[in-house]
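Here's the letter readout for the chains.
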Amino acid sequence: MSATVVGQSSAKPSEPKNYLNADHTLKSWLLSVDHKRIGVMYLIAVTFFFFIGSIAAAMIRYELTSPKGILLSSEVYNKTFSAHGILMVFQFLVVVVPAVLGNFLIPIMIGARDMAYPRLNLLSLYMFITGGFLILTSFVLGGVDAGWTFYVPLSTISETQISLCLVGIFITGFSSIFTAVNFIGTIHKMRAPGMTWYRLPLFIWSHYATAIVVILGTPVVAITLFLVVVERGFGFGIFSPELGGDPVLFQHLFWFYSHPAVYIMILPAFGIISEIISCFSRRPIFGYRFVAYSSLSIAFLGFLVWGHHMFLSSQSVLQGIIFSLISFILAVPSAVKVFNWTLTMVKGSVHFSTPMLYALGFMGLFVIGGLTGLYLASVDTDVHLTGTYFIVAHFHYVMVGGTILAYLGGIHFWWPKMFGRTYSEFWGRLSAMIIFIGFNLTFFPQFMVGYLGMPRRYHYYYFAPEWQFYHLLSTAGSTVLGFGFLLPALYLTYSLFKGKKAGPNPWNAKGLEWEYTSSPPITENFTQPILVTDSVYDYNPAEDSKMYEVDEEATVEDMNK
Amino acid sequence: MSHSHTKETDGPEVYFQYEDIEQQQETYLVGMWSFLVTEVMFFGALFLIYTLYRWKFHDDFYLVHEQLNWKMGGLNTLILLTSSFTVALAVHFAQKGNTKLQMRCLFATILCAFGFLAVKTFEYGAKIDHNLLPNHHFQYGHVEGEEEHHVESKWDKMLPSVLQVEKKEQHGNPQRARLFFSIYFTMTGLHGLHVIIGIICFTALMILIKIKSSLITDYVPTEMVGLYWHFVDLVWIFLYPLYYLIPK
Chain A
714 MSATVVGQSS AKPSEPKNYL NADHTLKSWL LSVDHKRIGV MYLIAVTFFF
764 FIGSIAAAMI RYELTSPKGI LLSSEVYNKT FSAHGILMVF QFLVVVVPAV
814 LGNFLIPIMI GARDMAYPRL NLLSLYMFIT GGFLILTSFV LGGVDAGWTF
864 YVPLSTISET QISLCLVGIF ITGFSSIFTA VNFIGTIHKM RAPGMTWYRL
914 PLFIWSHYAT AIVVILGTPV VAITLFLVVV ERGFGFGIFS PELGGDPVLF
964 QHLFWFYSHP AVYIMILPAF GIISEIISCF SRRPIFGYRF VAYSSLSIAF
1014 LGFLVWGHHM FLSSQSVLQG IIFSLISFIL AVPSAVKVFN WTLTMVKGSV
1064 HFSTPMLYAL GFMGLFVIGG LTGLYLASVD TDVHLTGTYF IVAHFHYVMV
1114 GGTILAYLGG IHFWWPKMFG RTYSEFWGRL SAMIIFIGFN LTFFPQFMVG
1164 YLGMPRRYHY YYFAPEWQFY HLLSTAGSTV LGFGFLLPAL YLTYSLFKGK
1214 KAGPNPWNAK GLEWEYTSSP PITENFTQPI LVTDSVYDYN PAEDSKMYEV
1264 DEEATVEDMN K
Chain B
879 MSHSHTKETD GPEVYFQYED IEQQQETYLV GMWSFLVTEV MFFGALFLIY
929 TLYRWKFHDD FYLVHEQLNW KMGGLNTLIL LTSSFTVALA VHFAQKGNTK
979 LQMRCLFATI LCAFGFLAVK TFEYGAKIDH NLLPNHHFQY GHVEGEEEHH
1029 VESKWDKMLP SVLQVEKKEQ HGNPQRARLF FSIYFTMTGL HGLHVIIGII
1079 CFTALMILIK IKSSLITDYV PTEMVGLYWH FVDLVWIFLY PLYYLIPK
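So the sequence lines, in the order shown, correspond to chains A and B. Numbered by the numbering used here, the letters in the first sequence go through residues 714 to 1274 in order. Numbered by the numbering used here, the letters in the second sequence go through residues 879 to 1126 in order.
Calculated from the structure, these hints are not laboratory results. Among the hints, erroneous ones may be present.
Stated by the list, open to error - List time: in silico EDC-like cross-link candidates among lysine to aspartate or glutamate, alpha-carbon distance up to 16 Å: (1) Lys-934/B <-> Glu-955/A; (2) Lys-949/B <-> Glu-1001/B; (3) Lys-934/B <-> Asp-959/A; (4) Lys-1045/B <-> Glu-1001/B; (5) Lys-902/A <-> Glu-900/B; (6) Lys-902/A <-> Asp-898/B; (7) Lys-1126/B <-> Glu-904/B; (8) Lys-949/B <-> Asp-1034/B; (9) Lys-949/B <-> Glu-1044/B; (10) Lys-902/A <-> Glu-904/B; (11) Lys-1045/B <-> Glu-1030/B; (12) Lys-978/B <-> Glu-1001/B; (13) Lys-1005/B <-> Glu-944/B; (14) Lys-902/A <-> Glu-897/B; (15) Lys-730/A <-> Glu-1237/A; (16) Lys-1005/B <-> Glu-1030/B; (17) Lys-1046/B <-> Glu-944/B; (18) Lys-1126/B <-> Asp-937/B.
A quick note: this is a predicted structure, and the numbers were derived from the prediction, not measured.
All chains should be modelled from the sequences, with the hints used to inform the complete structure.
Structure (structure tokens):
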């Protein structure tokens, strides 16, 4: 990106100060309103919740290695997969990319000193942690057995800790609403002079679309889950069939949020992939405006397809057909993105660095996840496939293969910027390969066993012991996958202490965060005000020779000339 | 371009992340309106539930709504409209820099909010005495072996005669009545919660102005709380006719 620094170059000598070493006290972290520190604290928090959720996943996979079940009773199994779903959806996938990378990068990418509302940002972090703490407390006090969807009337009559858990989810929901309000205010009003909408990085467009989905969708699920708490706590009957209430209405309201929620999870991932593909192909993104507008159209259409979760409920066939049709149309903007990423690589100078490996893995897995989604969007195939492991495999391909791979790619891409250190490229590439193989081994057999009829949420399949083969493959794969997730945790942590100094722009990438800040950035992000004069992705495949050059001497002053 | 730390010579202080006061004020209002969009969706789901059930059980809803005291609801509408006026005045005086009148208007708004809650207390109290709180004690309509269903409530008797309405027989399906009161108590209760949050916000705002806190640099905080209050008022403007004035 070309931009100039406005005003005289200051006479001050370059300061080694950055946001990490600006202040070392614990208080300076816990009460920090610096978006970068908040992003790092989110990184720690979501990793913690991911770890707990993974333990639940491991228990599920272990249980399913035998047709008769090994470890868990039916009741405990219900609580285990509920815990896995609740933690992974509400405490990990929905927040992970916006809260960690979005928080850290959005102000820097648009040339601002901080978020629009820094104190609100800190508040949303603590609401997120409070919500997560309440959810974990509800698990410790006995667990929740209604799944992450909390369908009534099961969730109103269940005698487990559902109320407490729902209050936790409610608070986490408002945390993500506040983050979204912050993003909207920041992107609308905090852009540096010259940073017009069409000069914004696609990462920003994705997060803007996500924020819109969050502020429109999250309050609806918040009130819906709140009504379940009201029914349980006060004995009211809003969805209660014996009073004439409609339990399917709960499903409508729930999926009105929870289908757009999958776009809350995947849209920020799209943003990461656009940045990585462009950087490591050394080419400007192909069809910038199409990619940008496809984010917005996904956000819009995402609100019109919730009924495809309910083909087997009491909704009419006509409704089913309409929802099915719109779901098919929704595949178009997603495909636009994948085609544009592919065309970005054409005639580019593609480098298979760690972030790029994750991005390529993302594209492959997202295509499989997306295309199998069409099987489920079609009413008649869905009747056969819904409620089976096919659906489990489908959404894990999109959520794990999509969001988590993109998140890991983004973390590897911006790690040098966040902490000023490079990690071992060898271990990075190795773990990307291990995760890719482990992931496919885990979830591809689930497509097959689901097609054969294995129902989800069952902890045994003694009626069809021949399915054990697929379950064993899946469990073996999940072991590899778990190992693959552990590796980055180890070598990234190692790099914090022993990694080579990264320099401001180790990838020779474009964008304000690479070209105009040091690594790690200073607390105010930029030494001087920024004036943007040209578009974002002015990569040139011919001049990629300096790709891996890590210039230890480089300072912000040098870059600013 | 002025840098963040350079304080404007006169006029309010600008927070470090903004370039100038204009950007700060606009950004605050963008954030507040985004939050209000959230609130609209929050209540929107409830209005949707109400609409579907009233459409499905229109006759029962009509019969049950006669149990509500439309005069009390009307009084509350009047109170909230007054408070919207006083809060608009408060913003006006804040913009003019007349802190004294601004504080008086804010105080009047808080009084109105408490007035609203007081009226609501009378209404809720009477409903609870009549066993119309839709939990397992809920009782509606004619009971076997009883001549006439008649429970007195002290909350009704304390009302001045202008505000009392003629007692209506409890007609209609008791199950639907419980559904009606479930939504009624949820929506008005949630609205009441928003009124309480409003009181907290106004009180905090007044204290911060009183102690000349650095958090209040200009009129924008008053305007933001004001916007919130107008929203709370607006929700009631919809709740009142939908619950108290159902046509035949």
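Indices of hints not satisfied (ascending): Numbers 7, 12, in rising order.
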